[in-house]
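Construct the entire structure; sequences and hints are all you get.
In case you want the letters, here they are:
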Amino acid sequence: MRVSVNWPTTDYSRVPYSIYHDPEIYALEQERIFKGKAWNILCLEAEIPNPGDFQICHVGDTPVVVNRDEDGKVYAFVNRCAHRGAEIVREPRGNGTDHTCIYHAWCYSRKGELTGVPFRRGANGKGGMPASFEPKQHNLQTLKVESFKGCLFGSFDHDIEPLEEYLGPLMVDHVGGLLDKPIKILGYQRQRIKANWKLYPENIKDAYHGSLLHEFNRTFGLSRLTQVAGGYMDEKHRHSILFQFSGSDSDEVALRAYREAGVQRGELMKLNDYDMVRIIPENDKGMSTRVINLFPNGFFHQIANTLAMRKLRTLGVDEFELTWTLFGYEDDTPEMTEHRLNQANMVGPAGLISMEDGEALELVHRTTKTAQNEYAVIEMGGVGPIGDRDTRVNEVTVRGFWAYYSQLMGIAPEGAEQ
Amino acid sequence: MERTAAMTFPIETRLLVEDLITRSAMLIDSDALEEWVASFEETGRYIVLPRENRDLGYAIALIKCEKRAILEDRLTVLRAASKFNPHVDRHILSRPCYMGIEGDIVSVQTNFTIVQSSLDGVSKLFCAGVYEDRIRVSGDGATFVERVAVIDTFSVPNLIATPI
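Just so you know, the sequences run in chain order A and B.
Note that our numbering gives residue 11 to position 11 of the first sequence, counting from 1, and the numbers run on in steps of one.
Note that our numbering gives residue 1140 to position 140 of the second sequence, counting from 1, and the numbers run on in steps of one.
What the hints contain is simulated information worked out from the structure, not anything from laboratory work.
All residues carry an ideal CB built from backbone N, CA and C; glycine is no exception.
Heads up, some of the hints might be wrong.
[To be verified] Take a look, some chain B residues computed to stay more than 10 Å from chain A by CB distance:
#1 L1016
#2 S1039
#3 E1102
#4 I1105
#5 N1111
#6 S1138
[Stated by the list, open to error] Straight-line distance between alpha carbons at most 25 Å, and here's what the computed BS3-like set of lysine-lysine pairs gives:
#7 A/K270 / B/K1067
#8 A/K369 / B/K1083
#9 B/K1067 / A/K369
#10 A/K149 / A/K35
#11 A/K194 / B/K1124
#12 A/K126 / A/K35
#13 A/K73 / A/K111
#14 B/K1083 / A/K270
The structure is reproduced here in structure tokens:
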């Protein structure tokens, strides 16, 4: 496929709107990113703890079965029958010794090997498969699977670098910190956003919007542009972490700054119950919020005491589904669990600091559709070389996404920043 | 939920319960949310729970207000800070199914669908689910002790801002 993108600048400070809408780009992304040299988050090991446990996941738009075999190892294969292409596993999760397609009852092992073709030798001496039919040649397409501290990743590229190398030291440190002890799944939040999938990693890497779009953040000091904060990346600029320290500014300083910037029109709102925004210190770095993107489809957050792995599934060029898997730790007290459950009011599709993201992304997607020769402007935090910044008044991490994305897609302009 | 002695519910009780359920839908649809919140008791709970979490025994909700003061806070944030798709809601309710009565508290379930319409007049099915209500009926009328909205549409179309 020949796809070219007209980047007006080599530092990705301009992003052509066509990149969110072009079906050829979407098709190429499925091949080069989701099925290419990338580790995609599948699910958490805690979701499939026992032999036979399975879960349906998606890598890009490809349905994948992730399951645990008798020996405790996890295998993943494409959920598409090798016979006629029917979906094999139809329940979102469950437990099974093998997987049988309902159409003609072809049967597969947990490793995705074809183990049964009914009436392969015919019936009453008639029909059946030709003698040349070799079941071994009709196994399901498998993914390479690796676990990082209980988070399962899959790759269609079996020659890809080891997972920890892919994550890099920064992500190993932060994601590793969040998964440093046995976790307990608390439940799911899901949403479908009618916007191109790339707008989501961009949003997660966009430090600038956090307190402007999300007034709750600004009001209660969970995230402000006036705080000690930063946006850091791995050396290839594909993964990112935005973090801040609440309490590193005062309400007075923040109020004045936001008033002078013209965004705070009235007084700060007040609550009956401040338990929702109470932070019980639990990470040794002292960060009140950490929002992480693991290229291409994975995310982790620690927002006060809510913890989640988020994963993204593409649903065509115009839509994606986001699944938030909220978790705590096995050793949480009942009070801590209750606190995490209450703070989940801040996140997910009805979250007091996250519902706005879905709306903002749909607005961008809707109105850029008819402006495909025009460009987004990404200059906060500076132009030119891509690197870390110790502030949230910063979009350089967004340019980092485009730099790595473009290399993987083979669409980087001549002499581009990396 | 096991159903007990439903047919023995006094008709007066049923009328008060049904009026609360119907009126609460009308209040949400007409954006009279402060009035809607007032139909909860001080310790009244309001939870929006994805059906998959209910089925899996997970406690994570989309909205979890353990008392009226917290529901009021959600409303404060909605009015002052939240940004969301401007829209009109229309709740369509089933007849309520009476599940049980314990003292002055009636357990009742009502199916709902919510059709959401944009400001340019396009309507879409937004949410299907069931209200699992515990309603106190007294001489003063009916109030919510607890409302759990279990939603089947748990892959939420974009976002939930206004209450279900």
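Here is how each hint holds up against the structure:
{"no.": "1", "hint": "L1016", "in the structure": "28 Å, holds"}
{"no.": "2", "hint": "S1039", "in the structure": "17 Å, holds"}
{"no.": "3", "hint": "E1102", "in the structure": "25 Å, holds"}
{"no.": "4", "hint": "I1105", "in the structure": "24 Å, holds"}
{"no.": "5", "hint": "N1111", "in the structure": "21 Å, holds"}
{"no.": "6", "hint": "S1138", "in the structure": "25 Å, holds"}
{"no.": "7", "hint": "A/K270 / B/K1067", "in the structure": "17 Å, holds"}
{"no.": "8", "hint": "A/K369 / B/K1083", "in the structure": "22 Å, holds"}
{"no.": "9", "hint": "B/K1067 / A/K369", "in the structure": "44 Å, violated"}
{"no.": "10", "hint": "A/K149 / A/K35", "in the structure": "23 Å, holds"}
{"no.": "11", "hint": "A/K194 / B/K1124", "in the structure": "14 Å, holds"}
{"no.": "12", "hint": "A/K126 / A/K35", "in the structure": "41 Å, violated"}
{"no.": "13", "hint": "A/K73 / A/K111", "in the structure": "10 Å, holds"}
{"no.": "14", "hint": "B/K1083 / A/K270", "in the structure": "18 Å, holds"}
Checked against the numbered hints above, the structure breaks hints 9, 12 and satisfies the rest.
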